[in-house]
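Enquirer: Each chain is listed here by its residues.
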Amino acid sequence: MNPAFSVIFLTTLIGAGQGLFLALYTSEVYNSFGIVGGTSPSHMYATGILVVMLLMGLGLFASFFHLGRPERAWRAATMWRTSWLAREVIVLPAFTGAALVWGTLHYFGFDPVLVTNSAGTEFKLSLVVGFVAALLAFLLYLCTGMIYAAVKFIQEWATPLTVINYTLLGLSSGFMLAATLGGWYNSSITNTYVLWALVFTLLGFASRMIALRRNARIKRKTTICTALGVRHQKIRQISQGAMGGSFNTREFFHHQSPQFVHAVKVFFLIMTFIVPVTLVVIGWNNTLFSLLAAAAVVQYVGLLAERWFFFAQANHPQNLYYQAT
Amino acid sequence: MTQLALVIDLNVCVGCSACVTSCKEWNTSGEGGGGMVDMNPYGKDPTGTFFNRVQTFEVGEYPKTETVHFPKSCLHCEDPPCVPVCPTGASYKRKEDGIVLVDYDKCIGCKYCSWACPYGARELDAKQKVMKKCTLCVDRIYDTSLPEERRKPACVLACPTSARLFGDVHDPDSAVSVAIAERGGYQLQPEWGTRPANHYLPRRKNHANVDKEALHRIDNPLKKEEQRPAVSSELPSLDDFLF
Ligand code: SF4
Ligand code: SF4
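Chains as they are written, first to last, in this note's numbering: chain A, 1 to 325; chain B, 326 to 568.
No lab work stands behind these hints: they were computed from the structure. Predicted, not measured: the structure shown is a model, and the values here were computed from it. Among the clues, some could well be false.
Claimed, not checked - In silico SDA-like links for lysine to any residue, alpha-carbon gap of 20 Å or less:
| no. | chain 1 | residue 1 | chain 2 | residue 2 |
| --- | --- | --- | --- | --- |
| 1 | B | Lys389 | A | Arg250 |
| 2 | A | Lys219 | B | Glu516 |
| 3 | A | Lys219 | A | Met209 |
| 4 | A | Lys234 | B | Pro371 |
| 5 | A | Lys234 | B | Lys418 |
| 6 | B | Lys436 | B | Pro406 |
| 7 | B | Lys436 | A | Ile90 |
| 8 | B | Lys418 | B | Trp517 |
| 9 | B | Lys436 | A | Glu71 |
| 10 | A | Lys152 | A | Arg217 |
| 11 | B | Lys436 | A | Leu161 |
| 12 | A | Lys219 | A | Gln323 |
| 13 | B | Lys452 | A | Leu67 |
| 14 | B | Lys454 | A | Arg250 |
| 15 | A | Lys219 | A | Leu161 |
Just chain B, with the same shape it has in the complex:
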């Protein structure tokens, strides 16, 4: 069984929000869904629907702080609590690829699913009055008119640091599964048993272990081409001997 998902590398995310804007662009001008509302976009209090938002947290106490940029969208849970509560069947999880979707033509905008998602991943569109959430760009990942390498969610393609990986987390050899396995990928709020398909890769501390001997070895071959200190004017120079 396939379960498509995103893996987000918090170690390299720089919080640029390119994924946010490309998501909004694709899903507003693309074919499906009828867009996401944008109210007051250039005014004082801009607000609107987003499938994906990047939030920033500061961990620790000054001066020992770390900034964590934290992109969050629907995690396409394997046991999604938002689906069974929907009275209309508008919310559903696809069998073939595990994507959780909302049928905008069936949704009555009762908001019950948004209460039942512990991650706050669903937003009611203020204009269309139906529930909206990340679709994993279901309208482009299967689009055969696109070249193979472009058949990925818009956010993944936009990310300048490659902090977003996309693939099948049920295939143990996929890039996402390997990244999860090798780099400690984890799920959000595992305590509720929702089994989010999206995973996060933790931040890592890199320490280079360089000892003094390695740098100042007598026979260090690197020293052969070392730059010599500038010649001082007090010492005799080559000119003194030649002329």
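Bound conformation, chain A alone:
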């Protein structure tokens, strides 16, 4: 496929946004149940949510560049029964809205206790709102991943690993941002963020490597023989029904050399996983806030490359009809 920058930015930005929210909510849960002492400053939550809104807004903005007719985008929510894309279009604003409510509750400090259980743990309103938003965040990862995983003949994508990778990489970039935020506010919760950021980055590394390995060994179901219905070992395309190319040659080919694609793969493996983990470990041990921030930025750049590779690697069966490109 030809990687579209609109979609690369959309998926990486909202992935980080969801991850950041989940990080903030994790610390609220930790605080409520007394897992780590000392409540986080509520203006840290408010700032965090501001960043989440920014990421979601930018992602949404980028997505419009993907549409031929963005003015009709509202129609895209209608077929949610069958289309993962429509489901994403619904869940995205739902999550953003719920996260905004959660942030607003914290900003205004409006947080009545709903129930207190026998152990004396208080269930506050924001905990419930946050829980809903957290569910929606995971649902959004599922929708985004399934948009690709549901296209069964793009065999590189048609695997649960696609959803797992979108989730883990989103979580890892979100927790990296949260670690930066925690470091900025000098909050005791930073340790938790850093720990989870490392866990998710390493898990993401593992699942991405498994996906790469799987994709390197794909056995193609469609060959030129089934595509044409002609049984022969040697079939060569002479003409493809277009001289100056067509939508089919533009949309489904990345037009880059195999060396370039390979270089992107090495680049994203280093930038998404190795460098951020190193920076975070050093930054955490020496309480260097700037290194945490650098890790988040480096990882985001790596994720852009990762997404580019994700699209470029996908091989659509229609390409069999366009072998001369």
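With chain A's structure known, arrange chain B with the ligands on it following the hints.
Expert: Relative to chain A, chain B with the ligands alone:
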């Protein structure tokens, strides 16, 4: 239930692209759809939208090669993967005749359906920014102002070798169903379970079995009117006896 479709006979297609041009002509100047973009048509790199393209493949190795001309348009799958993925409902399959269509007024040009079609049959129009594909000439096959025999897709009427048949593949007595049944009609990429309605008829090898006896039979009645070899000047001719 009706399922209209094309059956394409690869045995007689000569790759002339008459179907391509007549399709473009009809669908650009016809009433529906607002045309198909044509950019740089007489320049160096012409490009544009087509519902139908003819590609050519060479099968085998020289000198034992065969040229296959391969017209391809939307196959109007019976289980079309392009339809459920559409977030707007712009892509749909008609119940009454099985034609898969795009509502150009609803399409947002997200291209997801083109990813979900394994055949590369959908093209985003570079000017209108909506998804376009073969409509089986839905705007002419029901047009009662046309004489009955002209109510067929433009490509079918244009084909000089009658390589394109059009009809209902669910009616076992239709010409298309008979052709599929008798001549080994097959579907493209059957492995994905899309059940394309359009079928292709394979190329055939024709061998005439003529043995020597049939040609040189002594009592071959055909020989009666055989042309005799030219008379040589050395032999006596009729003139030698008469004069
Ligand atoms: S050929 Fe492609 S566009 Fe046409 S119905 Fe089948 S999947 Fe859809
Ligand atoms: S490009 Fe149009 S027809 Fe295709 S999936 Fe998107 S909205 Fe539907």
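Enquirer: What are the numbers of the hints that this structure violates, sorted from low to high?
Expert: 1, 4, 5, 11
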